[in-house]
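If you're matching them up, the sequences are chains C and H in order. In this text, residue positions in the first sequence follow my numbering: the first is 1, and each later residue adds one. In this text, residue positions in the second sequence follow my numbering: the first is 872, and each later residue adds one.
Take the hints with a grain of salt, since some may be wrong.
Now the in silico label distances, taken between C-beta atoms and shown as ranges [what the hints assert, rightly or not]:
#, chain 1, residue 1, chain 2, residue 2, range
1, C, Arg388, H, Ala947, 32 to 40 Å
2, C, Tyr40, H, Arg952, 17 to 25 Å
3, C, Arg388, H, Gly938, 24 to 32 Å
4, C, Ser34, H, Glu918, 18 to 26 Å
5, C, Ser34, H, Ala969, 42 to 50 Å
6, C, Leu410, H, Ala969, 56 to 64 Å
7, H, Glu918, C, Val443, 20 to 28 Å
8, C, Ser34, H, Ala982, 44 to 52 Å
9, C, Ser34, H, Gly938, 41 to 49 Å
10, H, Glu918, C, Gln5, 33 to 41 Å
11, H, Gly938, C, His433, 51 to 59 Å
Below, simulated BS3-like cross-link-like pairs (lysine-lysine); rule was C-alpha separation at most 27 Å, straight line [stated by the list, open to error]:
#, chain 1, residue 1, chain 2, residue 2
12, C, Lys225, C, Lys180
13, H, Lys910, H, Lys975
14, C, Lys510, C, Lys625
15, C, Lys8, H, Lys955
16, C, Lys8, H, Lys962
A short, non-exhaustive set of chain C residues, derived as facing chain H with CB atoms under 8 Å [said to hold, decoys possible]:
#, residue
17, Glu24
18, Ile52
19, Thr56
Read the hints as simulated data drawn from the structure, not as lab findings. Ideal placement from N, C-alpha and C gives every residue a C-beta, glycine not left out.
So the chains spell out like this:
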Amino acid sequence: MNWWQLQKRDADLERELRSDLELEEEEQRESGISEGEARYAALRAFGNPTLIREQTRAIWSRNWLESLARDLRFSLRTLRRTPGFTVIAILVMALGIGANVALFTVVRGVLLKPLPFHDPDRLVMLYEAGLLGDDATGSNVVSGGMYAEWKNQNRSYSSLALAKGIRVGLSGSGGQLPEKLNSALFSWDMLRTLGVQPALGRDFTLADDSPGANGTVLLSWGLWKRRFGADPGILNQTIFLDAQPYTVIGVMPKWFDFPDSSTQLWTPVYQENREDVMTSFSNHQFRVVGRLKPGISASQGVADLSLISERVHNEHLNDPFVFRSASSRPLLEHIVGEIKKPLYLLLEATFCLLLIACLNVANLLVARAAVRRKELAIRTALGGSWLRLIGERLMECLLLSASGGALGLLLAFAALHWLTQTRSDMSRVESIHIDSVVAAFTVGVVALCALFSGLIAAFSISDKRILGALHDGSRSGSGGSARASLRKVLLALEVGLTVILLIGGGLLLKSYERLRSADMGCITQDVITMHLGIPDARYATPARRANFYDTLLDRVRALPGVDAAGFATVVPGQGYQMDWTFSIVEHPPLPQGSGQFALSRWADPKYFHAMGIPILRGRTFDGGKRLDAANEVIISQSFANQYFPGEEPLGRHLRVNGRNAAVIVGIVGDTRYEIGEAPRPVQYYPLDAGVENVGTLVIRSSHDLEQFALPVQRIVSEMDRDLPVSDVLTMKQLLGKSILDQSFNTALLVAFATVSLVLAAVGLFGVMSYIATQRTTEIGIRVALGAKRDQVMRNMLLDGMRPAVFGLVVGLAASLEAGRLLRDLLYEIKPLDPAVYAAVAATLLAVAAFACIVPAWRASRLDPMQALRAE
Amino acid sequence: MSSMAKQAQQRVGLLQGTLDMLILRTLLYGPAHGHQIGKHIQRTTNEFLQMQHGSLYPALHRLERRGWVVSRWETATDRNREFKYYRLTNKGRKQLVAEESQWKQMAEAVARVMWPAAEES
Numbered sequence: 001m002n003w004w005q006l007q008k009r010d011a012d013l014e015r016e017l018r019s020d021l022e023l024e025e026e027e028q029r030e031s032g033i034s035e036g037e038a039r040y041a042a043l044r045a046f047g048n049p050t051l052i053r054e055q056t057r058a059i060w061s062r063n064w065l066e067s068l069a070r071d072l073r074f075s076l077r078t079l080r081r082t083p084g085f086t087v088i089a090i091l092v093m094a095l096g097i098g099a100n101v102a103l104f105t106v107v108r109g110v111l112l113k114p115l116p117f118h119d120p121d122r123l124v125m126l127y128e129a130g131l132l133g134d135d136a137t138g139s140n141v142v143s144g145g146m147y148a149e150w151k152n153q154n155r156s157y158s159s160l161a162l163a164k165g166i167r168v169g170l171s172g173s174g175g176q177l178p179e180k181l182n183s184a185l186f187s188w189d190m191l192r193t194l195g196v197q198p199a200l201g202r203d204f205t206l207a208d209d210s211p212g213a214n215g216t217v218l219l220s221w222g223l224w225k226r227r228f229g230a231d232p233g234i235l236n237q238t239i240f241l242d243a244q245p246y247t248v249i250g251v252m253p254k255w256f257d258f259p260d261s262s263t264q265l266w267t268p269v270y271q272e273n274r275e276d277v278m279t280s281f282s283n284h285q286f287r288v289v290g291r292l293k294p295g296i297s298a299s300q301g302v303a304d305l306s307l308i309s310e311r312v313h314n315e316h317l318n319d320p321f322v323f324r325s326a327s328s329r330p331l332l333e334h335i336v337g338e339i340k341k342p343l344y345l346l347l348e349a350t351f352c353l354l355l356i357a358c359l360n361v362a363n364l365l366v367a368r369a370a371v372r373r374k375e376l377a378i379r380t381a382l383g384g385s386w387l388r389l390i391g392e393r394l395m396e397c398l399l400l401s402a403s404g405g406a407l408g409l410l411l412a413f414a415a416l417h418w419l420t421q422t423r424s425d426m427s428r429v430e431s432i433h434i435d436s437v438v439a440a441f442t443v444g445v446v447a448l449c450a451l452f453s454g455l456i457a458a459f460s461i462s463d464k465r466i467l468g469a470l471h472d473g474s475r476s477g478s479g480g481s482a483r484a485s486l487r488k489v490l491l492a493l494e495v496g497l498t499v500i501l502l503i504g505g506g507l508l509l510k511s512y513e514r515l516r517s518a519d520m521g522c523i524t525q526d527v528i529t530m531h532l533g534i535p536d537a538r539y540a541t542p543a544r545r546a547n548f549y550d551t552l553l554d555r556v557r558a559l560p561g562v563d564a565a566g567f568a569t570v571v572p573g574q575g576y577q578m579d580w581t582f583s584i585v586e587h588p589p590l591p592q593g594s595g596q597f598a599l600s601r602w603a604d605p606k607y608f609h610a611m612g613i614p615i616l617r618g619r620t621f622d623g624g625k626r627l628d629a630a631n632e633v634i635i636s637q638s639f640a641n642q643y644f645p646g647e648e649p650l651g652r653h654l655r656v657n658g659r660n661a662a663v664i665v666g667i668v669g670d671t672r673y674e675i676g677e678a679p680r681p682v683q684y685y686p687l688d689a690g691v692e693n694v695g696t697l698v699i700r701s702s703h704d705l706e707q708f709a710l711p712v713q714r715i716v717s718e719m720d721r722d723l724p725v726s727d728v729l730t731m732k733q734l735l736g737k738s739i740l741d742q743s744f745n746t747a748l749l750v751a752f753a754t755v756s757l758v759l760a761a762v763g764l765f766g767v768m769s770y771i772a773t774q775r776t777t778e779i780g781i782r783v784a785l786g787a788k789r790d791q792v793m794r795n796m797l798l799d800g801m802r803p804a805v806f807g808l809v810v811g812l813a814a815s816l817e818a819g820r821l822l823r824d825l826l827y828e829i830k831p832l833d834p835a836v837y838a839a840v841a842a843t844l845l846a847v848a849a850f851a852c853i854v855p856a857w858r859a860s861r862l863d864p865m866q867a868l869r870a871e
Numbered sequence: 872m873s874s875m876a877k878q879a880q881q882r883v884g885l886l887q888g889t890l891d892m893l894i895l896r897t898l899l900y901g902p903a904h905g906h907q908i909g910k911h912i913q914r915t916t917n918e919f920l921q922m923q924h925g926s927l928y929p930a931l932h933r934l935e936r937r938g939w940v941v942s943r944w945e946t947a948t949d950r951n952r953e954f955k956y957y958r959l960t961n962k963g964r965k966q967l968v969a970e971e972s973q974w975k976q977m978a979e980a981v982a983r984v985m986w987p988a989a990e991e992s
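Hey, can you work out the whole structure from these sequences and the hints?
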C-alpha cells in the first residue's frame, strides 16, 4: 500500500470514527441525558478515539516499509515543527560530512588510487645512498655514470630509466610570446618502463636518445591544446627550445604528469646532456625509475644495485663523492611522499570534526527529547512501544544526516573544485574525483552519523524513566538530572575533541608564524624577482653572456624608481639547486675519500647590495674584472666558520673543478636557501665570468613593485626577441609559494579547530540553558528563601563549567599523544609547546565561560514568584 | 518449550477469531456500520460482552483487509447522514462457516471436559 492510499485510508477512518461517535452522542441525548453530558457519556462508551485510530491504522500498515514510511512522515513533521533546530543540525552535519568527504576524496585520489601506469606495484624509485663528503644520506639523486653501471650490470630490473626536471625557453612563434616552461629529460626507455604510450605520435627511440641525434620532443596535452590549438598537424613540425630546433614526435595523454604536474615537455636526456655529465660518478642529478622483474623483491633489487655501487666506489676511492650503496622506494611513495603525512593528519582532524558534529546533533536531540519527555512518557504509557520511539529517533537522525550528507556532498564538491584550482601544484591533483567509491563512502558516513547520534539520543529515553518523567512532571523541582548528566558527558567529549583540534591548529599556527618570520638573511620587502635564461645556442661564448648581463643590468638600473638591481643564479628561498665541491689551496690535501662541498651561486657585484645581504668583511667583486680575469670568490659567514675556523679566510684561494683558483675577497651574511632550512655554507662566484646562463634578476624599489614587470620585459625583448621572462614574483610571493603547503595545512586545521570551538560553545550554551530551565523552580525557591543572586549565578556557572573543565583535561591529555603525529610538520617548536597549551586552555575556558554566563545570569535574575508559578 | 509457545498463540488466535466470528455473524443479517455492529453484539449478549471499540474497529478493518467484508459509505435510513456500512462477501461467508464449525468443535470439546456427566446421560 503506498503512501497516497494510506493517506486516503486515514481520512476514511477518521470520518468513520467521527460519524459513529456522533451517532453514539445522539443516542445518549435521545435517552434523556443533557447536551453537555451526552458528549462525555458518548466518549466514555466509545473509548479513546485517538488510541482506536492508532490501533486501527496499525492493521493497515503492518509491514516494515509502511512503518518506515510512517516514521519518516512523523519525523518530517517533527523536524518541520522546529525549523531552527533542524537547520542548525543539518548545517552541523553538512559541515562534518562535507569536510570528511572532501578530504577522503583527496586521500583516495592522491594516496590510495594506484598510479596510472602499467603494473605500478613493480615500479620503484632508486637512489644512491651512503656518505657524501661529511653528510650521510639515504636517498640522493643518482649520477649519470652510476645509472649506466646499474643499467648494464643489474639482474633484478627489467628496465631502468632516467628523468630530470629542467626549464627551457620555448621561442615565440606565430605571434605568440616566448615563454619559459618546466620540462623533463627522459631516457628513451622511460615511457616503456612506466608502460605508457603517447596519445598521439610515437615514443622516443634509442636513436633519438644519443649525443649526435636531432632534437625530438614530446608535448604535454595541456601545452598542445594551449599553444598549438590541439592541431594534430603539429607532429613532425619543428619548434625551438632554447633556440635549438626540436621535432615534435608525439603528444602525451592528458593525465600524464611525470615527474611532476608542471611538466609540459619531454626531451631525450643523452641527446641533451654533455657526455661528461652522463658518465660522471660524482655529479648527482638524475631520478631513476626501475621496474622490478617478476619474483624479485624491492630489497633484493637494492642489494643487487648496492653491490654494483660498492664496486664502483672502490674503483674511485680518490673521489669522495662516489656513493657506495643504493636505496629504493615504491614510486607512489616517492611521488606523494611529502603530502602523505599532512593529508592523513587533516583526515584525522576532519574525523574529529565529524565526531564533534555527531555529538552536537546528538546533544541537540537529547535536549529536544528532554523537552518532549512528557509527550514521550504519555505515549509510552498509552502503549506506544519503546522500539517505535527508538525507530523515530533513528529516523530523525537519518533524515538529518542524509540532508546534511547531501549538502555536505555539495560542500565537498565546491571545496574540491576550489582545491584543484588553487593547489594545481599538488602531486596527482588530477586524479582527485568524486566517484562511486566516494559516493559509497558518503552513504556510509551518513549511516554512521545517523546511527551514532540516533542511538545516543534514543538511549537517553530509556523506558525505565517513563514513570519518573510523569512524576517529575507533577513538580519539576529536580527534574531530569540523569538526562542532564548524559548531556554533560557528551559535552565533555566534545570539548575534549575540540581541545585536540585546537592544540593541533595552535601548534601548526605557531610553527607557521615562526616559519614566516624566519630570518632569510636578506631583504624580503620591496624586492621583486624575475627568472631569465639565455640559450647557449645564441649566447655561446662567455663574453656574449657577460655582455648580455651587463647591458641588462645597466638598463634596468636606469629605469625610474629602481633603487637597486642585481642578478644571481639562485636567490634565497629558491631552493638548494646546486653545490660544488671545492678544495682550499692553502690547506693540506684532505685524506683520501673525504671531500668538501658547499652551495654555489653566481652573482653580479651589486647583487649583495640589492638583496640587502650584508658584506661582513672585505668587499664585493671587482666590477672591472671580467671573463677569465674574474677569479674572485665571496664566501658566507658559515662557510668561513666551518672551513676556516680560527683563521683569516680573506686572501685564501678556493679551487673548484676545472677552474683556476679564485681568491676570497669578501665574507657575506648567511642566507637560507629555503625557508625552514638552516643556513648552509655558500660560495659566490662572479657572474661577469660569463659561465652561467640562467638566473634571477632582482630589483629593489620603494615604489609599487609590480609595475616593473612590463618595462623589464620590454628591455629584454628589445635585447632578444625570443627571450622569455618568467616567474615574476615579489620576494614575499616567492617565499609564500615555498611555504604554501604549510600555510595550507595550517589554514585548514585552524579552520577545523575554530568550527569545532563554535560547535562546542553552542553545545555548552544549549546544555546550560536547558539546565537553567530545568532548575527554574529550584532556583525560585532558593531565591525566595534568601539565596544571594550572585551565589545562584556562581553555582550555575560552576555547574556548566564542570564538563568544560573535565573535557579540557581529557583533551589536553589526549593532545600529548596527538602532538606526536604533528612533530614532523613543526618548525622550530616542540609538540609540547607550553605557550600553545596555555593559550588553548585559556581560550577554551573563556569561550566556555562566555557560553555559560548568559544562561547563568538569566537564572540568577529569576523572579521567585514567577519561577514558582511557572509550572 | 516451543509447543507451549504454539499453544499460547493458538489461544490468542481463537479469542481474536471469536470477535471476528461475531462480527461476521452479525453481518449475515445485512449491511451494518460499526456502531450498529457493536450495539448489536452488546444487546444480543444482554450486555454480557461489553464491546470495546478499541478492538471493534481494528477487527473490522482486519476483516476488510482479508477480503471477508467490504465497506461503502451509505446514507442511513433513519438518520439523514452517511455511515460506513460493512457487508459480507462470499469469502466472508465461507470463513464464517469454517469458524462456526471450528467454534462448535471447541465448545463441544470444552463441554466434554467440563461436564462429563452430561454426556453419560
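Now the hints, each set against the structure:
1. In this structure the hint that C:Arg388 and H:Ala947 lie 32 to 40 Å apart at CB holds, the actual value being about 37 Å.
2. Remark: the range hint 17 to 25 Å for C:Tyr40 to H:Arg952 is upheld by a beta-carbon distance near 22 Å.
3. Remark: the range hint 24 to 32 Å for C:Arg388 to H:Gly938 is upheld by a beta-carbon distance near 28 Å.
4. Under the hint 18 to 26 Å, the C-beta atoms of C:Ser34 and H:Glu918, about 23 Å apart, fit the expected range.
5. Between C:Ser34 and H:Ala969 the Cβ separation comes to about 48 Å, which falls inside the hinted range of 42 to 50 Å.
6. Hint check: C:Leu410 to H:Ala969, Cβ distance near 60 Å, so the stated range 56 to 64 Å holds.
7. Taking the beta carbon of each, H:Glu918 and C:Val443 are about 59 Å apart, not inside 20 to 28 Å as hinted.
8. A C-beta distance of roughly 48 Å is found between C:Ser34 and H:Ala982, which places it inside the suggested range of 44 to 52 Å.
9. A beta carbon spacing of about 44 Å between C:Ser34 and H:Gly938 agrees with the range 41 to 49 Å that was offered as a hint.
10. For H:Glu918 and C:Gln5, the Cβ-Cβ distance of about 38 Å falls inside the hinted range of 33 to 41 Å, so the restraint holds.
11. Between H:Gly938 and C:His433 the Cβ separation comes to about 54 Å, which falls inside the hinted range of 51 to 59 Å.
12. Only pairs whose Cα atoms come within 27 Å are accepted, and C:Lys225 paired with C:Lys180 is accepted, the gap being roughly 17 Å.
13. Taking the CA atoms of H:Lys910 and H:Lys975, the gap is near 24 Å; set against the 27 Å cutoff, the hint holds.
14. Restraint check for C:Lys510 and C:Lys625: not satisfied, since their Cα atoms lie roughly 47 Å apart, outside the 27 Å limit.
15. Simply put, C:Lys8 and H:Lys955 have alpha-carbon atoms about 14 Å apart, close enough for the 27 Å limit, and the pair holds.
16. Our distance criterion of 27 Å between C-alpha atoms is met by C:Lys8 and H:Lys962, whose separation comes to about 25 Å.
17. Because the smallest distance between the Cβ of C:Glu24 and any Cβ of chain H comes to about 6 Å, under 8 Å, the interface hint for this residue holds.
18. Interface hint status for C:Ile52: upheld, as the beta-carbon distance to the closest one in chain H is roughly 5 Å, under 8 Å.
19. For the restraint placing C:Thr56 at the interface with chain H, the shortest Cβ-Cβ distance is roughly 4 Å, inside the 8 Å limit, so the hint holds.
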